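Everything in the sequence shown is counted per the working numbering, starting at 612 for the first residue and increasing by one.
Hints listed in this document are in silico derivations from the structure and should not be mistaken for laboratory results.
Remember, predicted model here, so these are calculated numbers, not experimental data.
Possibly wrong hints are sitting among the right ones.
Between beta-carbon pairs, the in silico distance windows are [as the list claims (entries may be wrong)]: (1) 931 with 690: 51 to 59 angstroms; (2) 762 with 897: 50 to 58 angstroms; (3) 902 with 651: 25 to 33 angstroms; (4) 884 with 951: 28 to 36 angstroms; (5) 897 with 934: 41 to 49 angstroms; (6) 888 with 938: 57 to 65 angstroms.
Glycine included, each C-beta is placed from N, C-alpha and C at the ideal position.
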Amino acid sequence: MRLFAPVFRLSHNNVNLFILFNVFLFVSQYAFAQTQPAPTISNFTPADICQGQTVTINGANFQNATGVRLGNDNAVSFTVNSTGTAITAVVSYSAQTGGVSVTTPGGTVNANTTLTIRPAPRPALQDISTKDIEFSNCDGSQTYLLRVKNLSATPQANSDYTINWGDGSPAFTQRDWPSGAEISHNYGSQGYFLISISITPPNGCTQTKQYQFYNGKNPLASLSTSTSTTGLCVPAPIEFQIGNWTGNTPGTTYELDFGDNSPHLILQHPLNTTLTTHLVSHTYTTSSCPAVDFTATLKVSNGCFTTTYTLDQIIIRKKPVADFRTDQVLCINTPVCFTNLTEDGYGGTSCNRNTNFLWDFGDGTTSTDRTPPCHTYARPGTYNVN
Numbered sequence: 612m613r614l615f616a617p618v619f620r621l622s623h624n625n626v627n628l629f630i631l632f633n634v635f636l637f638v639s640q641y642a643f644a645q646t647q648p649a650p651t652i653s654n655f656t657p658a659d660i661c662q663g664q665t666v667t668i669n670g671a672n673f674q675n676a677t678g679v680r681l682g683n684d685n686a687v688s689f690t691v692n693s694t695g696t697a698i699t700a701v702v703s704y705s706a707q708t709g710g711v712s713v714t715t716p717g718g719t720v721n722a723n724t725t726l727t728i729r730p731a732p733r734p735a736l737q738d739i740s741t742k743d744i745e746f747s748n749c750d751g752s753q754t755y756l757l758r759v760k761n762l763s764a765t766p767q768a769n770s771d772y773t774i775n776w777g778d779g780s781p782a783f784t785q786r787d788w789p790s791g792a793e794i795s796h797n798y799g800s801q802g803y804f805l806i807s808i809s810i811t812p813p814n815g816c817t818q819t820k821q822y823q824f825y826n827g828k829n830p831l832a833s834l835s836t837s838t839s840t841t842g843l844c845v846p847a848p849i850e851f852q853i854g855n856w857t858g859n860t861p862g863t864t865y866e867l868d869f870g871d872n873s874p875h876l877i878l879q880h881p882l883n884t885t886l887t888t889h890l891v892s893h894t895y896t897t898s899s900c901p902a903v904d905f906t907a908t909l910k911v912s913n914g915c916f917t918t919t920y921t922l923d924q925i926i927i928r929k930k931p932v933a934d935f936r937t938d939q940v941l942c943i944n945t946p947v948c949f950t951n952l953t954e955d956g957y958g959g960t961s962c963n964r965n966t967n968f969l970w971d972f973g974d975g976t977t978s979t980d981r982t983p984p985c986h987t988y989a990r991p992g993t994y995n996v997n
């Protein structure tokens, strides 16, 4: 901050003292506003925890926290609540028993109790049978032999391993399954299967990791319409056709984006029970202008691939909406002025907004101007103006 001393022609001591007092007060208030109060910790829970789990620290003045230490290591991540009175932090897998501290621009505070941290296993599997995408078989076969390797890190002996294959078959269980050991499992159907590996050590710090295995093939489909997509005005209903989908494998999804910022339609395989072309109706309520057209997009996805199809030249235009206003009480031989409130539409391939007007004043006179001259009625009566 730069402060410029004011210049006065007056030399009265009282005036000079008054000005200096105000400058000093301003600087003091500015410095006070920029200082954050020191953080305080009242407690944290739980006091006994496994590596990889979450601790809640309660206290005050945690806003803008820059660091949290749990045990002898920094927290993996942390979040501060909106009032700055609580922090949730994740214990790292290398942390050991120790203190808890929080650092903010206002300083660092240490809790007055110790956090007990128990070592936790880190389960991990490697797919060693799939050639391309890990945990995906995309050759289209109904059956598949999946082979995985144990890459887990287990700090304690006498740990129990469990692998659930996700297909309803019996789980694999073994105590102290060696690192680098391999095991195979045969899948007899297609689709998604959620594989989980859990490790339970003697200290109770059970950890689980999941893998989604997919057995199927690259998806196919087609996208077309049963009606014309050009020369249309809103509201414009269009019927889309999704074809060539029946050979896709279970777990395939179909996401249809109509291109007009309306919600996407997401469908699951199979699209219907008759195994026929699937029809989807959509009504366009806005024009594609100023863009020439809308483009509809179909994304067909599964664990192997996402195949995309597009359909453009969905050309939707909008008719103008005629409207006007005038005074409600009118007198003969007095000019009546009409205000044109028409909302222009869109037309042609270039989205032009040219609008032709025809005013009928109800007394046999007309005008083709956008804003017609004020009109004078010579006789009393009721006139229909269009």
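Hint-by-hint comparison with the structure:
no. : hint                             : verdict
1   : 931 with 690: 51 to 59 angstroms : holds (53 angstroms)
2   : 762 with 897: 50 to 58 angstroms : holds (53 angstroms)
3   : 902 with 651: 25 to 33 angstroms : violated (57 angstroms)
4   : 884 with 951: 28 to 36 angstroms : violated (56 angstroms)
5   : 897 with 934: 41 to 49 angstroms : violated (19 angstroms)
6   : 888 with 938: 57 to 65 angstroms : holds (59 angstroms)
Violated hints, in rising order: 3, 4 and 5; the structure is consistent with all others.
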